[in-house]
Structures are given as structure tokens and as C-alpha cells.
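Trainee: So the protein lines, in turn, are chains A, B, C and D. Residue numbering for the first sequence is 409 to 743, as defined by my numbering. Residue numbering for the second sequence is 409 to 743, as defined by my numbering. Residue numbering for the third sequence is 409 to 743, as defined by my numbering. Residue numbering for the fourth sequence is 409 to 743, as defined by my numbering.
FYI, nobody ran anything at the bench for these hints, they're computed from the structure. Glycine residues also receive a C-beta, built at the ideal position from the N, C-alpha and C atoms. It is possible that part of the hints are untrue.
[As the list claims (entries may be wrong)] Here's a subset of chain D near chain A, in silico, CB distances under 8 Å, partners left out: (1) T620; (2) T648; (3) F649; (4) L659; (5) A696.
[Said to hold, decoys possible] The calculated DMTMM-like cross-link candidates involving lysine to aspartate or glutamate, where the alpha carbons are at most 25 Å apart (straight line), are: (6) B:K711 / A:E468; (7) C:K563 / C:E495; (8) C:K415 / A:D452; (9) B:K637 / B:E623; (10) A:K578 / A:E515; (11) D:K602 / C:E495; (12) B:K420 / A:D452.
Now for the letters of each chain:
Protein chains: 4
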Amino acid sequence: MVVVLKKNPDPKQLRHLTSWIESMGIKIHMSEGSMQTVMGLVGDTTRIDTDLIEALDIVEAVKRIQEPYKDANRKFHAENTVIKVGEAAFGSGECPIIAGPCSVESEEQLMSIARSVKAAGAKLLRGGAFKPRTSPYAFQGLAGDGIRLLSLAKKETGLPIVSEIMDISKIDMFEDVDIIQIGARNMQNFELLKEIGKAKQPILLKRGLANTLQELLMSAEYIMASGNKNVILCERGIRTFETATRNTLDLSAIPMLKSMTHLPVIVDPSHASGIAALVKPMSMAAAACGADGLIIEVHNDPKHALCDGPQSITPEEFSDVAENVRRMNEIGYRG
Amino acid sequence: MVVVLKKNPDPKQLRHLTSWIESMGIKIHMSEGSMQTVMGLVGDTTRIDTDLIEALDIVEAVKRIQEPYKDANRKFHAENTVIKVGEAAFGSGECPIIAGPCSVESEEQLMSIARSVKAAGAKLLRGGAFKPRTSPYAFQGLAGDGIRLLSLAKKETGLPIVSEIMDISKIDMFEDVDIIQIGARNMQNFELLKEIGKAKQPILLKRGLANTLQELLMSAEYIMASGNKNVILCERGIRTFETATRNTLDLSAIPMLKSMTHLPVIVDPSHASGIAALVKPMSMAAAACGADGLIIEVHNDPKHALCDGPQSITPEEFSDVAENVRRMNEIGYRG
Amino acid sequence: MVVVLKKNPDPKQLRHLTSWIESMGIKIHMSEGSMQTVMGLVGDTTRIDTDLIEALDIVEAVKRIQEPYKDANRKFHAENTVIKVGEAAFGSGECPIIAGPCSVESEEQLMSIARSVKAAGAKLLRGGAFKPRTSPYAFQGLAGDGIRLLSLAKKETGLPIVSEIMDISKIDMFEDVDIIQIGARNMQNFELLKEIGKAKQPILLKRGLANTLQELLMSAEYIMASGNKNVILCERGIRTFETATRNTLDLSAIPMLKSMTHLPVIVDPSHASGIAALVKPMSMAAAACGADGLIIEVHNDPKHALCDGPQSITPEEFSDVAENVRRMNEIGYRG
Amino acid sequence: MVVVLKKNPDPKQLRHLTSWIESMGIKIHMSEGSMQTVMGLVGDTTRIDTDLIEALDIVEAVKRIQEPYKDANRKFHAENTVIKVGEAAFGSGECPIIAGPCSVESEEQLMSIARSVKAAGAKLLRGGAFKPRTSPYAFQGLAGDGIRLLSLAKKETGLPIVSEIMDISKIDMFEDVDIIQIGARNMQNFELLKEIGKAKQPILLKRGLANTLQELLMSAEYIMASGNKNVILCERGIRTFETATRNTLDLSAIPMLKSMTHLPVIVDPSHASGIAALVKPMSMAAAACGADGLIIEVHNDPKHALCDGPQSITPEEFSDVAENVRRMNEIGYRG
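Looking at chain A on its own, in the form it has when it is part of the complex (with noise of 0.2 Å):
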């Protein structure tokens, strides 16, 4: 960290200040020049709060070189950080797939979109029992029925399962799921995620509609501080200004967060545009550009789905996207 002083600052404030920060293990170089002096501070910063000081009346500018997360960062930790489910495993160099129905409606919806999904390549089955939904009129989902049945699929399929929580209280219902999802509006929900950084399953956190990647390596530091380091980020669309689409796909955060962090980064094309047609072009340029894997919603009767139907894509339509998922995987980016 730089703290770049004001010209001629207080000499009691300045020793307040340096005196505040040795007190936390770090080492101060100072450099004087004529216009402003700089301070580098050594050591481990995590910890400190640049607003702290950068409201004193002494302070110019802050500059945080170190990043402000440690368990998350690929610098303390080099290697890809691999999470095996099943027959998948995120950052691996593989894309494997995670698909499934939006919400869980009934068992023969689900059983039919499981199977049909399991023979087309998908590794995981998603279903979503608990829906955050924009409107309180809206269908929530069928709750712990919806968990159930999703354990059947998973008994008949042989897929693992994956599925959104969305408070803590209900995570005895979770047991016998695999992947735990955060959704993109609880992504900042910080009590859920140091509870969740006790679960013992993988967590599948998905990036906020208005959050930078490092706020989302903030909230992986939070899943991590609490004990679980399997987290699997995914991006799916940021808000802008843009109409035509839903939100904005952010491609170029695999790349980036790629390089900041060792854990898996998948993409979630379905969400982000919520435009069906966008489904296949999306996820075949996501795995181009090394996406550690795929989450995509299809449906039997999208015309149909209780929601999200317009984003959903049929399971024909879904087997045409694994096979070119797979071809692209195959000469895709490898950083």
C-alpha cells in the first residue's frame, strides 16, 4: 500500500499515523521529495481500511497494491484450484455442464428434463425449489417438495444436483445436495455467506448484477474465511444501460478473474441475456475463452415453464449446444 502525504504535513498527525499502522506489523519506507512525500507500507494490509486514511487531513491518495484478498488470490496460491462433482471437475481444463429447469415444477417435468439432459452430456442436474422472484405474486418455487424431487432425479440419474439457497434456515433441507448455489441477489448477503462457509458442499456463487469482480472475490473471501474453499464463481450478466438484452454479458471476466484467482469461473448464458436464441452462440464463445464450465437452463415446454420460460431452451435444442460446447472446449483458451 502507498499513502502518498500532503506537502508539509502536520508532524503530529504524521506520527499519530505512523505510529497507528506500526502498531498493526507493518513496515514504512519513506520517500520526501519536494512536492509530496510518499509512504510504502510493508507487509500484510488486508486488514487495514484505505478510507481510514485517506480521510485524514494530512493524506493525498491511497493506493492499495496488494489486492485486499488473500484465500481467493492466485498469488498466494498459483495452481487452478479443481472441484470434482460426480464425473465433473471445474478447473480442469474440461466445461462441463450443468443443466436443468429453472424451477422445479413436478415430477414428470423434472424426471423427463433430467433424463434428456444426462444423455446429452450434462454432469450435474440444476433445479431451483426456493426462486427469488421480483414480484411477491409471482411463483416461489416448491420448496422443500421441489428438494425432494430433485434427490429422485438424482437417484435415477445418477447426476448430482445443484440448487439455490436462499437462507440459512433451511439448509438441513440442502443435505443431499451437492452444489449449493448463491444467487446474484444474495451475493452481498454477507450473514448467508459466512454461514455457508460451513457447509461441507462446494458453493456455486454467482456474480451481482452490479458487482465489480473484485466484490466478488471479496464475497469467495467470505465463503473461504468461514472454512470452505470450494467455491465455483460464475458470471452471469451485469445491468447496463443496454435494453435489447436482459443484462450484459461479461466474457471477458473469465480471462480476468482467471488471472486473479485459482478458483473455477463458469458461465451462466442463460440468465444474462434471457433470450433463448442467445443460448447456443454464448456458451460456445464462453467455452472459447476458457470457461471452467456451463449452467443452462432448458425446459421441456419452455412455452410453458413456470418461470424464466423465454430464456429456456428445449432439450434437442440443449444437446446441440453440449456437442458444440465440447468441440470448442476442445481448442479453446488455456490462458
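Starting from the known structure of chain A, arrange chains B, C and D on it as the hints suggest.
Mentor: Coordinates of chains B, C and D only, in the frame set by chain A:
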């Protein structure tokens, strides 16, 4: 709601659509043209998911005419909702100020600030006991102890207290809190919204950093649908590309929201910019365009505040702000 | 400027860098630490491209301490620049209003509006002769005839006139125009900025829809570097995800800009929201937080205006707005 | 276009509206309901300003069904427009690469880069002679000398050349330029668009930093309406809140635009992120999702480039990128 059909829609699909709509008790008026046919839907369309209809092959476009919120809608509730807490009346034409530290840090700090903001005319005391911090390594608040100190300050000064809840499991601790705040990062924590809707106290609901005014009203609708009609909306800055200020305070949200809803709308100028020097001008501007109140961070020693120091003003500065807000409110916009 | 070097920088590259910097007459102060070495650059760093330095292998980070603008910088020009045009003095503490139709449509229309805005207290008349329209099929303005009608209105009412230039080849037509406007979409039309910097009249420079405050000042710097020091900055709303208003008016830009620059800052509440009903409250808010002026669209028949009807107010409404702005300005923020 | 009227519209105003619409040769189909009446407008509504209608007292809402662009609209031109320049065919299913330095700096620099990008498979040479720079103190390009050097490089290598025009008064200098570029900051410089529409060469039109896909097509429409039907669209990153990358590359714009228009769509991965290391993965992703071409910055000595060094790759790196793009394009998305 208006549904525009494509040219020559498949008759079977059309029958399917009309019977589904009519099954919800909604009447349809058809207008057939040479280029397209338009269906006008008359009745309570609040529960209809426009995405579902838009996904149909035979549909060109859907336009909602009615808003998707009811309890919060000014169309169905023309009079302002006035929420009285202590000496403050939010929505009455006054502009009461809630003031206090970002975080409760100690008894001495809180009492000192509480007395001075009361003397300067604040009508309520704010203070964070549970703090949503981006970093897991940053100060997270005094939790239960913080709430107890707020109660103490309330007893001593008579000021009602406002504090943020992050997790419904802590609701018992908020017994003595007069207004419960839902922070920006929890605006779409729907489980929390549903549960807090059962609380007896008024709720202060902050707009999310990337949420539209309609989404803010949908979140208010969640709380109201659970039974709690006393929701105070709060604009606190949205996330944009600008980096000179931390967020961009959207003051046009005040008159805009007040045309959409009967709920009171207040402003947080402290979090919006993150810069203490902007608190006074933005407070004045908010009062000028009709804000129903303000929530302002005040700290006796902003340079050593444990969080958000750079945006806090001193008690002396607050006194000046409060006086100017009063003068602005007297001649401010009344709609 | 502060340059943070990586650990153990290559000595040859380092010598190359230091001699390059020193060749520009800038002094270097080195501070060597165990983790990193920091170079403090002292002198006029305005012309240094930070990107060039950041690209070097041996560099970890670069932080500019001095702003990249000089002529527009308040640090080098502490006093407000006051720009007097007719009876208006922008930057003097007053809040003069420029009013008139979006487009000049006819002599009758313009004269009628000019007389009524003068009666209501407007100090200048605005009117578009060249209109930047998103669609090539929309009304593009009366061009030279529009300017001639503005001159006529000026002669009759005595009000100085303001009009937008879109192409420097038309500059001869602007001989009689008192303030030349550069529109938001041309804020970074650098060729136009350079040329308009040779005009003798003050320039009204609007902030681009996606431009930061620093970029706005850099564009003002282009004009000033060409010789014209009379630049009036104008906040007119930025593009965000919010769709309830056409753009988001960034009123915190007023006090923020005024801390960065000595140039006057005015506000256009009409284009910002695109909604006539918001013009009054936002004008009042702008005056309250220290705006040096306002530019407001007024139309005698907004419902049949050839462009931007929905955001124009009537002369009667304008009279009310002007009166309220006067009262706000009297007690408004003074920095 | 669909116009939704308010309940019980004033009959006189309604007659006024209907006769105005019919005077433009458009037919009206009325659908009267108990809550609202809907007017369906059938005919060429391209020239109707929806804002004008929305401003009327009797109107609740207006929804455009037809797009406001015609020449660029795929609905009226189902086949891809293929633009052939030298050996490149944009829109043909190939993915030709335009490569070269950000700025032309010297004959030696340009010749060296031109030869190496040709050897690596680039089909056109790019180079800036007129540079849009945020700061008036930054290098502004070699102007006419730059164009002359490009011509020289064209003569020697046979590569057609691409360069940006910033001001129509310089058009004579572009006689030998094969594709004329309109930069992002000039996307809505409507005067330039109108004039460049008279040029005989194809136009490379970059998307503005805050412009929607529809606005990009409206700007293409300006050029096409002036007579020039050969417009190549270019996605180059949009401005968002994310700061890890300079802009956010919106790759979903490729398939989305290609569904809206018949014009070719290429991608600029260099400007999008501003980070050289992201050029390869993003080029691969663009080719994977169907880009009709790429424009990439290559510099023989990126660390000493006079502009945009950090985003330029070396000729060796370019060779690797080009090879990977070829392989991606072979199995890429075809719509």
C-alpha cells in the same frame, strides 16, 4: 395489458392463449388489423407474468399498462401515507432528519453524538450494530451490544432509534428499535422482506445499487403483502460509470417515486457520494425537491471512525446542515 | 505522479525509464522497500501518459496525484470564473435561466415564447436550429433560417441567444449567437472542440451521456487550450440502467465539479429526465445545491412541438419555475 | 405501432389525433375496451415520433412494433450483406482480421508491423492518422503524413488500409483509404454520418461507449440513407461500473445484432478491455459466437507505443491469435 399478436396466428395456439387468460378472470378485447391483431386484457393483470406470454410463438410483443404493484401504488391510494415515529412524521410535508454514526462503537461515542444531534434538531438516532462490509476482515459491528447501547441512548435522549437488520434470526434483538432498516444490498433478499413484513415497526427500505424504481416498489410490495404497510423508501445513490463520487445520487427519484407511490421517500446523502463535503449541498437539494426526510451520518471524530469515516460529518457541521434543510423544506417542492 | 515498481526491477529497464522521465524535465524521488520500490515524480506531469508507464514490465502500478487538466483546474485558479452575457453572470452566485424551445419552428412560435420567458425572468433565449436526432427521418431543425429567427427574437426582446453548433463549417452562421452550445453527443468531438476554442463567444459545454466529470474537464481543457477561457459546463443527465427517467440527473456533479474547477456549472433539467413534471422539482434542487444557472425547454404548445415535446413546459409553468428558482437561489448552497 | 388511449378520451382530441395519423397514409384499427381503447397503426410508421404521441393528454402509452430503421433492418433484407475489400469478405462466414498499430508513428514502425501482420494472415492494415485523445496534451496523430505512410504500406504489402476520420473536411485525404472508420466517440456525430454516407468506400462504424444496439443501427441508417449501403458494425466495449477492464466487451451484441440487421458485425478486442493479455481469449470468443471479423492492435514495441500501448500485442502474439481465430471460425456459430 396489451398483447400484440403476429400476423396470421395459429388458431389452435390462439385458442389456447385466450382460454388461459380468461381462466384467470380476465376479459379480452380483440382488435384485428391487416398487419397485426391486438388483444386488450381487462381485469387484474398483476399476477400475469408477461415473460410467459412473450415467449409464445404467436406473440409479437406485450405491453403492461397497469403497474405490477398494488399495495404501494398511488393509483389505488391517492393520499400520502404518513408514518409517525416520535416527533417525526414522514410523508407529512416535513423533512425530519435521522442522524447518528455509521457504526455504534462505544457508549461514550454514541451518547456524545446522540446528545449533539438531538440538540441540532435530529428527530431520530441512527446507528449500525450489524454492518454489511465488503471485506470479511473489516469491522462487522458490535451486534447485540450495539443495539443495547442504542436503547440506552434512546432512554437518555428520548430519540427513537433506527438500525439495520441483516438476518431475520436476529429479529428479537430489534424489539426496542423504532424503525428497522433493510440495507441496499438486501433490497432483493426476498426471504428477509417476507419476514420483516410481519414486524410491527415501520421499515426503512433502501434502494439497491443497481435497482430500478419499479423494483424498489416491488420490494416494498413484498413487505406490504406480508402485512406491514409502513414502508419508508430511501434513495441512497446508484452505481454508474462515474468514479469521482462513490455512487450517483438520483434525486429525480424523489418526485418520480412520489408520483408512483403514496409511501414516503427519504434520502441518504452520506452513502451516496461517500464524501463528507457533499452532504450539505445534497441534503439541501433533497429537501428542495420534496424529500420526506433525510438520514445522515454524523461522527464526533470522523477521521477515526471504524467505518465510513470519509462520509461522516461532525456534530457542528450537522447543526449547520439541519438548519439549512429546515429553511429549504419551508419553501421546497410540494408536488 | 507515483510509480510503484515491481520487486527487483531489471536495472537496464529501470535506467531507461528514469532517463525518459528526466528528459521531460521531471525529478524523481526513489523510495526502496523490501516488497516494492516507489518513484515519486515531481514536476509538470500533465503531458505524461500513465498508460505508457503502466505497460512496462517493471511497473506494478501508477497513480496520478496531479489532475491531468491545468487551465480548468481550480488549484491553479482559485477564484470563480464569472461569465457575463447580457444581464446574466454565470459563476457569480446568481442562478440565471436560459429558456426557450427545443427547436426553432416558426417566427410566430419563437417570438411568442421569447416574450413570455423574458416576462417570467429568463435572462437568455435558447433555441435549436441544428438538431442532433437519433433518427435520420426525424426533424433536423431549420438550420440557417432558425438562426435568423433567433436573431430576430434577440433584436425584439433584447435577450442574448444560445444555440447548438454541430459542425464547425457552420460557424459563420453563429456570428450573432451569444453563447455557442456543444451538445452532449459532441462532448468528445475533439476536432470541434479545438476549432470552437477559437470562437470569441462563451461556450456552453454539455456533459456526455457516459462521460465522467474528469472527462468533461478534459474537453473544457481542449477549448481553453485553443484560447477560449469562457466555458460554461452543463450537467444534463447520464445514462444508467434506470428506465423510469430518460437519463439520471447527477446533481452531486454540481458541488463536485465546483471543487475541481473554477468554471461555472449549470443544469439542464429538461433533457435529464425527459418528463415535463420533473422540471420544476429538479430546477429547485439544482438551485439549492449551488447551480450557476439553468437551461430549460419551454414551448407554447408542448403537445405539438416538433421535437422533445414531452419534456417541455408551458410559459405559465415556466413562470412558476423561475419564481421558485429565485427563492431557492437566495438561500441556496454557496460552497 | 400501438397507441393505448386513456379511459374516456376527449372526442375532439381523439379526432385530431386520428386525422393527423391518417394524413401520413397510415391506417388505424380501433379496439375499444372498458378500461382502455387501443389503436393499432398499420403502414410505414418509421417517420412517426412516438414521443409526440405519448405527450398527448388522451394517450396512456405507445409501443412501437416495427423497428425505427429500414435500410439496416434484416426484416426487409433477409440475406447477409457481404462487403468485399481485397481478400476479405465481411459477412460471408469468414472472420477476416484487420491489424496494425493504434497510431502510425513512423515509416519504419508501420512497414515492419504491416509486413508481419500480413505474414500472420491479416487481410487489412489498420493505423490511426487522426487520433481522438481525451487530453489535448496527448499525441494527436501524424495527420496527412500518417495517411501517406499507410498508402506506402499498402503499395508495398498489397494490404487494403483502414483509418479513422474525425472531421469531414479531411475527406480528400482518405481517397486511397479502403475502409473509413467512424470512431466510438463520433457514433452520434450526425453531421459526419450524413456526409460520410456520400463516400464510395465501406464505412466501419464503431458502437459508442454508451449506445444501445438500436442506436447503433440508427447511426448506420444515417449513413445508408445518404446512399452508402456498405456499413460494417463494430462492437468495442461499453461503459459500465466495472473497473478491472477499461470497458465491458458485449459479445452477445454479435448474435443479437445479426438477428436485427443484415450488416456484418466485427469486434475490437483491443480497445474493449485495454489489456493486451485479454486480446487472445476475447478474439477467440468473438470468432466462436459468429463475429464477421476482428480489428486488433499490433505494435512491434508496445511498451513504447505513442498511444494505447497497454492494449497492443506484439507481431508474434498476433500470429498466435490469428491462428487460433482461424480454428475457432471453422467451427464457430453460424446463426
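Trainee: Next step is simple, just say for each hint if it's right about the structure.
Mentor: Hint check:
1. T620: holds, 5 Å
2. T648: holds, 5 Å
3. F649: Interface hint status for F649 of chain D: holds (6 Å vs cutoff 8 Å).
4. L659: holds, 5 Å
5. A696: holds, 4 Å
6. B:K711 / A:E468: Holds, at roughly 14 Å.
7. C:K563 / C:E495: Roughly 15 Å separates the two Cα atoms, so the pair holds.
8. C:K415 / A:D452: holds, 16 Å
9. B:K637 / B:E623: Status holds; Cα separation ~17 Å.
10. A:K578 / A:E515: The hint holds at about 21 Å.
11. D:K602 / C:E495: violated, 38 Å
12. B:K420 / A:D452: violated, 69 Å
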